[in-house]
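Construct the complete structure from the given sequences, taking the supplied hints into account.
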Amino acid sequence: MPEPILQVRNLTVHFYTYAGIVKAIERVSFDVYRGETFALVGETGCGKSVTSRALTQLIESPGRIVEGEVLYHKEDGTVVDLLKLNEEQIREIRGNEIAYIFQDPHASLDPLYTVGYQIGEAMEVHGKVESIKEGIKKAVDILRSVLIPDPENRVKNYPHELSGGMKQRVVIGIGIANNPKILIADEPTTALDVTVQAQILDLINQLKEKYKATVILITHNLGVVAETADRVAVMYAGKIVEIGSVEQIFKNPLHPYTKGLLKAVPNPMTKIERLEAIPGTVPNLITPPSGCRFHPRCPFATEVCKRKVPELKEMEDGHFVACHLY
Amino acid sequence: MQEEYKKSILDKLADKIVYGLGSFISLFKKGWKEKNKSKMEEWRLMLYALNRSPPALIGLFLVILFILVGIFGPRLAHWRYNFFPMLYTKSYDKIILAPPGSKFVLDYYNNTVITFPLGSDHYGRDLLSLILSGARTSFVISIIVISLGVPLGILLGLIAGYYGGKVDELIMRITDMFLAFPALILAIALSAVLPERIQNFISTHEAVQKFVLWLFALDVREAGNLGRLLAVILAMIIVWWPAYARITRGSTLTEKEKLYIEAARAIGLPARTIMFKHILPNIIGPILVYITLDFGGVILMEAGLSFLGLGATPPIADWGRIVYDGAQYFPKAWWLVFYPGLVVMLVALGWNLLGDGLRDILDPKTRRSIEFKVKKSKKEGEANA
Amino acid sequence: MEKVLEVKHLKKYFPVKGLFFTKGWVKAVDDISFEIYKGETFGLVGESGCGKTTTGRTILRLIEPTAGEILFEGKNVMELKGDELKWFRRKAQIMFQDPYSSLNPRQTVFEIIMEPVRFHGIEVDDPEEFVVNLLKSVGLNEMHLYRYPHEFSGGQRQRIALARIMALKPEFIVLDEPTSALDVSVQANILNTLKDLQEKHGFTYLFISHDLGVVKYMSHRMGVMYLGKLVEVGPADKIFENPLHPYTQMLLSAIPVPDPEMAKELKAKRKIVRGEPPSPINPPAGCRFHPRCPFAKDVCRKEEPPMVEVEKDHHVACWLYAKS
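Chains as they are written, first to last, in the numbering used here: chain A, 572 to 897; chain B, -16 to 368; chain C, 41 to 364.
Think of the hints as simulated: they come from the structure by calculation, not from any bench. In this text the structure is predicted, and so the values were computed from the model without any measurement. Mixed in with the good hints, there may be bad ones.
To be verified - The list that follows gives simulated cross-link-like pairs (lysine to aspartate or glutamate, EDC-like), each with its CA atoms no further than 20 Å apart:
| id | chain 1 | residue 1 | chain 2 | residue 2 |
| --- | --- | --- | --- | --- |
| 1 | B | K13 | C | E191 |
| 2 | B | K12 | C | E109 |
| 3 | B | K13 | B | E24 |
| 4 | C | K43 | C | E80 |
| 5 | C | K235 | A | D681 |
| 6 | C | K57 | B | D151 |
| 7 | B | K22 | C | E191 |
| 8 | C | K48 | C | E109 |
As structure tokens, this is what we get:
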């Protein structure tokens, strides 16, 4: 039995905007096991990024975590609810035990400081080093571990002197500087080219092995998921519709949305006569559809789908689906 | 379902105006109302936004009042601007600088009683009548300056921004030259140099002379003073366009990078069409706000120039000129400075409030928030019931 | 087969302005040649900054080329004037990547579609019916006729852009990453529509994309670009089956495949994917790929490789296949 590191229960986040209450995610529950790569996939606006940020209360106004709990199992066996911690306590965990890598490496680095300083600063904040100066010395090792050539000199570089891929390596370096237990990578390769993407994904995998960390990968790219994840949760319109291992999701998708999504992506290595598209568009989350949120686009929708919200059911070992078909 | 929102009387009025306008246009263009539902919805939301901004409403009220007085002022005035009551009374020395509310009998004018509700000026004229007549002067000047200076600036800015390169350099350097001078100094210099030539022109073209006199509601006797008045207008046009060239160029530069402009080029549309049909409508919002604010600016500057003794000469009624002449008798005859000053201030304030309001109204985000608030108030109303 | 478009030695350099003088040139497109045949889709792939978008725009004369020739149906595009240029503007169209800025926000759908029609003097009996029919052919309907672009989703906006293009009955359409701003489920819809329209009207496409899966799905023939150069041209199937240029090989092995088993297989035999594309301001001498190439030889560092035909219709510019 794998041991959970993070247990998310009924996480709900609403955004109070001028246009109305955006129900960004609604009663989202999942477990993440120690040492695995857990992927959250879905299209724009499905709530995958919001979910990852809500884990450490990184939701800014006008958003608010309405309900739910995020149970974090520390290495010493104690369990804390991350959503109950105050500002000071959560900051100690964020960036230290749970680190983030964001999509845009250009925006994640401060153009006014050298990369060494920025890594040093991240370590100093969490008391891993006495001073930023000492941190900058340690930064050389970190740059080496994220496979940046010539780290002794790179430490003195400013972000604009590095290429996109190198910047993302630095961002990852800042992420792992404090030896985190959980690394949350939010679309870490979306802004990068394919050849660079492959290198960054390899790097994340290597670092995960090396530091025995757990990775939560947020992405819309099913190829990236197939290549790196152990388990996958598929999100649609603020709800998780299916959870399972990579093989279960890709070989035996159960939810009509997952099935549709897989058929809509062209696989460059196979001959495809015709892609199958999902009709309709993603619903507006201010007034989401009643019952199952996918029912207006679902070819199998019945009366019950309009009325009742489907709950996640375990269909085979570790394979959950939220659909009235089952 | 949108008809069910809780609306104020003003909102209902806004609905009537928009739908009325829609039906009116439909009389001439069949089916216009059906085709432009989206447009009418936007207009309605704009009016709703206006209704929710008291400062903008006050501004609108002041501006409408100014426009009405500008048009009908000379007729509303009880006495013509060039009626000098002192000529018709024995107590002529008392009539000069008479305080507000004083009454006199015009012995040589059928014994009519003249009242000065706001006092009289140093020629003994009724200040209220002068202010009403002066509204026309300010109104016409601001319209002429804006309607000639602004399009010139917009045109040059569009050309400079769209073509770029050497054309841009040339136009913008000329603009810089004008902007380098303080506007007021330049206007003073020009209004000192120009009058004679304009006067010559005017006196040789009778039709023009008649038209200008009609515009300002002046008597033929004032024909000799028109040169100075028009000189000020011309001077202000010359100092007014560069600011518009600048802002238009800036917005054009950003707008022309957008893909729909490239799409228009790919279709083969000529530069003229792209500039006026695609770029201009998309950058006009902020410029409109600027124009509104500038109406106040023109009136202030014109008053300022008159205050310096340029432009309108007595007996032409002009707010700035009244203050200029009245300043000599301040504080004894305080009303000569106070009332015209107050009017100038209120008009400038009106245009500024309206401009600020317009900035919010033209911003689609505010409109959406109004839409939301209207919906919300409907929900709350239901909850209370 | 009939050639619709022929590009010969096309070059486009952008100046890098210094304080006073031009400091250097970005060689966005540097001496590329290819042709596109009637009714086919020619895919152009490459990573960001490789010059694929510049190529598309230069072909349509939206950017003036530095050197080279573009022949559209046998006519030199650069020398077109007056009525002939108008004819070209009608026959060759472009669809842009960003659906959010490619439509004028102040025009209704009807105006957006009718403006080019009126400008080109295409006679239409009933404009409304004409536009509605176009909208239906791209999967929209008459309800959308008098709406503004902000009332539509990204996918719907791309459909409007497509309807505008169709209204002119073009022959050749440049598709500049038409789906990269869209979600996968919507992307499949648009790609299928494009394919159906091609079948029905015999359109010729130049399909520009960085997504190899999409290019494979859409193209009959394709070209791979790297730093302003075309490195490999050939039938899409052949390139995917048997990539010749080391860069194409690297690119293909780097794509994440949406299939876990296949991904594991590919990962195992993945060639060393290394390095990043250098800046196009001062590209490497000789073959531009040599600093990243696992097979680089001396000649690669000195001389630019010529384009050679290795198998039928399959060309590659690499010293591994050419004789120096």
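Outcome of the hint check:
no.	hint	verdict
1	B/K13 / C/E191	violated, 24 Å
2	B/K12 / C/E109	violated, 49 Å
3	B/K13 / B/E24	holds, 19 Å
4	C/K43 / C/E80	holds, 10 Å
5	C/K235 / A/D681	violated, 45 Å
6	C/K57 / B/D151	holds, 18 Å
7	B/K22 / C/E191	holds, 12 Å
8	C/K48 / C/E109	holds, 5 Å
The structure fails hints 1, 2, 5 (numbered hints given earlier, in ascending order).
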